[in-house]
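Trainee: Sequence:
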Amino acid sequence: MISMASVSPTRISPHSHPRSLENPSLTLFENCKSMDQLTQIHSQTIKTGLTSNPAVQNKIVAFCCTHESGDMTYARYMFDTIPEPSVFICNTMIKGYSRIHLPENGISMYLEMLRRNVKPDHYTFPFLLKGFTHDIALACGKQLHGHVVKNGFDSNMFVQNSFVHMYSLCGLIDMARGVFDSSQIRDVVTWNVMLSAYNRIKQFDEVRRLFYEMDKKGVSPTSVTLVLVLSACSKSKDLDIGKRAHEYVKECKVEPNLILENALIDMYAACGEMDLALGIFRNMKTRDVISWTAIVAGFANAGEVDLARRYFDQMSERDYVSWTAMIDGYLRMNRFKEALTLFRQMQTSNIRPDEFTIVSVLTACAHLGALELGEWIKTYIEKHKIKNDVYVGNALIDMYFKCGNVEKAQGIFKEMPRIDKFTWTAMIVGLAINGRGEEALDMFFEMLKARIAPDEITYIGVLCACTHTGMVDSGKRFFASMTTQHGIKPNVAHYGCMVDLLGRAGHLKEAHEVIKNMPMKPNSIVWGALLGACRVHKDAEMAEMAAKQILELEPENGAVYVLLCNIYAACNRWEDLREVRQTMKDRGIKKTPGCSLIEMNGIVNEFVAGDQSHPKTTDIYSKLDEMTRDLKIAGYSPDTSEISLDVGEEDKESALYRHSEKLAIAFGLISSGPGVTIRIVKNLRMCVDCHRVAKLVSNLYNREVIVRDKTRFHHFRNGSCSCKDYW
DNA sequence: GTTACTATTG
1 MISMASVSPT RISPHSHPRS LENPSLTLFE NCKSMDQLTQ IHSQTIKTGL TSNPAVQNKI
61 VAFCCTHESG DMTYARYMFD TIPEPSVFIC NTMIKGYSRI HLPENGISMY LEMLRRNVKP
121 DHYTFPFLLK GFTHDIALAC GKQLHGHVVK NGFDSNMFVQ NSFVHMYSLC GLIDMARGVF
181 DSSQIRDVVT WNVMLSAYNR IKQFDEVRRL FYEMDKKGVS PTSVTLVLVL SACSKSKDLD
241 IGKRAHEYVK ECKVEPNLIL ENALIDMYAA CGEMDLALGI FRNMKTRDVI SWTAIVAGFA
301 NAGEVDLARR YFDQMSERDY VSWTAMIDGY LRMNRFKEAL TLFRQMQTSN IRPDEFTIVS
361 VLTACAHLGA LELGEWIKTY IEKHKIKNDV YVGNALIDMY FKCGNVEKAQ GIFKEMPRID
421 KFTWTAMIVG LAINGRGEEA LDMFFEMLKA RIAPDEITYI GVLCACTHTG MVDSGKRFFA
481 SMTTQHGIKP NVAHYGCMVD LLGRAGHLKE AHEVIKNMPM KPNSIVWGAL LGACRVHKDA
541 EMAEMAAKQI LELEPENGAV YVLLCNIYAA CNRWEDLREV RQTMKDRGIK KTPGCSLIEM
601 NGIVNEFVAG DQSHPKTTDI YSKLDEMTRD LKIAGYSPDT SEISLDVGEE DKESALYRHS
661 EKLAIAFGLI SSGPGVTIRI VKNLRMCVDC HRVAKLVSNL YNREVIVRDK TRFHHFRNGS
721 CSCKDYW
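For the first sequence, UniProt numbering gives the first residue as 1, with consecutive numbering after it.
Any given hint might turn out to be false.
Result set (PhoX-like, lysine-lysine): computed pairs, CA atoms no more than 25 Å apart in a straight line [as the list claims (entries may be wrong)]:
#1 K538 / K591
#2 K710 / K724
#3 K538 / K516
#4 K414 / K387
#5 K250 / K237
#6 K119 / K130
#7 K421 / K387
#8 K142 / K202
#9 K521 / K489
#10 K253 / K217
#11 K476 / K449
#12 K476 / K710
#13 K476 / K724
Ranges of calculated distance between the beta carbons of each label pair, as one might list FRET restraints [claimed, not checked]:
#14 D174 / R115: 25 to 35 Å
#15 I603 / R578: 37 to 47 Å
#16 N117 / K253: 44 to 54 Å
#17 T39 / V87: 40 to 50 Å
#18 V188 / I82: 30 to 40 Å
#19 F445 / R115: 54 to 64 Å
#20 E446 / Y380: 26 to 36 Å
#21 K710 / E541: 50 to 60 Å
#22 C252 / S108: 30 to 40 Å
#23 I457 / S34: 49 to 59 Å
#24 Q44 / R344: 34 to 44 Å
#25 V87 / G146: 11 to 21 Å
#26 V87 / T379: 44 to 54 Å
These aren't lab readings, by the way, just hints derived from the structure by calculation.
Note that the coordinates shown come from a computational prediction; the quantities given were computed from them, not determined experimentally.
Glycine is no exception: its CB is placed at the ideal position from the N, C-alpha and C atoms.
Just need the whole structure built from these sequences, with the hints factored in.
Mentor: Right, here's the structure in full:
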């Protein structure tokens with residue numbers, strides 16, 4: 001035993017290893033986990049004089065270049081100690097630069113190789129191209145391609161595939177396709193890279209065509225192929241091809257994995273086949289955030305928010321995509337308050353929103369008139385460096401306008417580095433609903449000067465601008481020019497605008513003529529515009545006719561009955577009024593309750609008529625009493641002409657007194673300091689009496705009051721309104 | 001004695 005040990009002691013030593021006999025450090029590299037450990041091993045090799053061993057050098061550089069915590073500065077330092085680097089070590093360096101997204105350094109390394117006569121091989125280019133950004137690819141892509149062809153590496157499949165990929169990344173789809181078409185040899189990856197190129201530019205037909213061609217040529221798809229095809233099917237809602245891709249999996253031609261199953265769920269969910277999506281989801285061995293999010297998004301897009309929420313609540317992990325999908329689900333169903341509540345929870349969970357989330361939240365703020373939160377979001381964008389793209393800018397403009405803050409909307413517009421058609425349209429519509437008709441039209445002319453073609457939505461804004469400011473003749477001219485100048489055929493909404501324009505200006509007969517002569521069947525919105533005009537101009541006969549037309553289209557439309565009641569009341573036709581109310585009772589039709597929103601300290605408060613549910617109800621009503629007293633001293637007498645109840649004057653007054661916007665104004669007065677603007681969003685049109693009260697309040701308490709009603713804004717200041725009582 | 005290309009969610 002002893003003699004054996006003395007003959008070959010290393011064999012039985014527990015610390016030794018046959019290979020480490022020559023170079024003990026190499027084993028240490030295998031188990032190296034961090035840069036700290038690496039530097040320790042490195043200093044040991046320095047002590048033992050092994051640093052000049054190429055194997056050791058390779059190990060150190062390779063660790064820095066490939067490990068996730070690898071330090072490229074250290075790699076470069078090590079590299080510089082090597083007098084004659086091999087292709088291998090240069091390739092590894094390039095791979096490292098691509099890994100940390102420094103393609104410029106990769107390029108420098110490549111040039112250094114050429115300078116030092118180290119011949120690149122077919123490994124060099126895939127490593128190099130992998131790190132390319134759009135700009136680098138555009139700058140050097142073609143030249144590099146030239147080198148490759150000259151050296152004959154283009155016959156290598158890996159090299160060729162990475163060039164197809166690189167060209168597609170920088171948007172040179174024709175170059176990519178050129179390499180693809182002229183390739184002598186192809187494997188599935190070549191096809192996959194090409195498929196992903198068409199996915200990137202959203203040419204889903206071409207994805208479909210290539211998938212067919214693969215099949216015809218007998219190229220077996222891999223799971224990556226199917227994921228790409230399914231992604232295209234999802235975005236183009238192509239259930240047929242999607243099912244064909246699924247067949248491959250079912251026929252065991254492709255082994256399913258997590259990503260593939262997620263892609264299947266997504267495809268079925270996008271096509272509205274939630275049962276099939278759930279079928280896959282339930283059979284999965286493991287599920288990740290993406291699987292869950294695809295289900296949540298599927299239900300959210302189908303309008304099944306509550307179901308979506310059930311799955312959302314069961315998720316063990318949620319990322320910003322999951323949160324955004326859920327928030328969008330509420331937006332889609334116009335449940336804006338819940339969207340905002342969810343956004344607050346997202347904040348508490350410390351999940352960082354991206355620009356998509358921000359656009360959704362701003363949209364919710366716009367609908368609710370939640371200016372405080374909207375402003376907070378704007379600060380958030382700046383503070384957290386959220387990508388401030390055109391979409392975010394447009395959403396900010398829309399938010400400010402829908403909160404009645406014209407100046408801030410204009411400020412955003414001025415600061416936007418890039419604007420598009422939607423920006424112009426948002427400006428035109430926004431100015432129009434805020435009663436700035438002239439400025440809206442100026443914007444429109446500027447848009448034309450910038451050679452941006454208006455579309456049908458832009459023209460809605462233009463006609464709206466004319467309507468809200470009573471510019472009847474201009475409106476007629478614009479209506480004509482949309483076809484003659486821009487080839488846009490007016491749709492039913494444009495005819496609605498014309499009826500509105502003429503009707504509100506009192507040209508009821510002409511408005512009716514427009515309806516009679518329009519080339520399509522008038523819808524309830526068109527008739528509704530005429531009915532609204534009849535109310536303002538107290539024409540009961542035409543109102544009856546318009547109401548009858550709407551009720552034929554929408555027998556359950558409560559608002560029409562109410563409007564008809566208002567008109568009968570205004571014309572003192574009490575008998576007809578009673579009849580309509582009886583019909584409503586018989587048919588079980590409820591009127592849409594009037595509702596006002598007011599945001600205070602970031603919370604949206606909601607009031608309906610006669611509301612007593614608010615925690616501050618007592619204070620609100622005593623303020624309302626005080627307010628009414630003050631206003632009466634200042635000469636206010638309630639305008640009960642539009643109260644449809646055939647009841648005594650006193651009851652009429654108390655009905656008026658409880659209108660939701662008055663409650664909101666009282667709440668605004670007690671909840672904010674002197675001089676603070678009161679902003680209210682009303683779901684219906686403002687009544688004459690509330691309009692009068694708001695004017696007086698703005699004067700008496702020296703407060704700006706801004707009310708957004710169903711169709712437009714009223715900016716009350718110093719006793720008058722921006723609508724000049726024309727609405 | 002070592003190294004490549006392609007993929008999913010709003």
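Trainee: Hints the structure violates: just list their numbers, smallest first.
Mentor: 17, 21, 22 and 24
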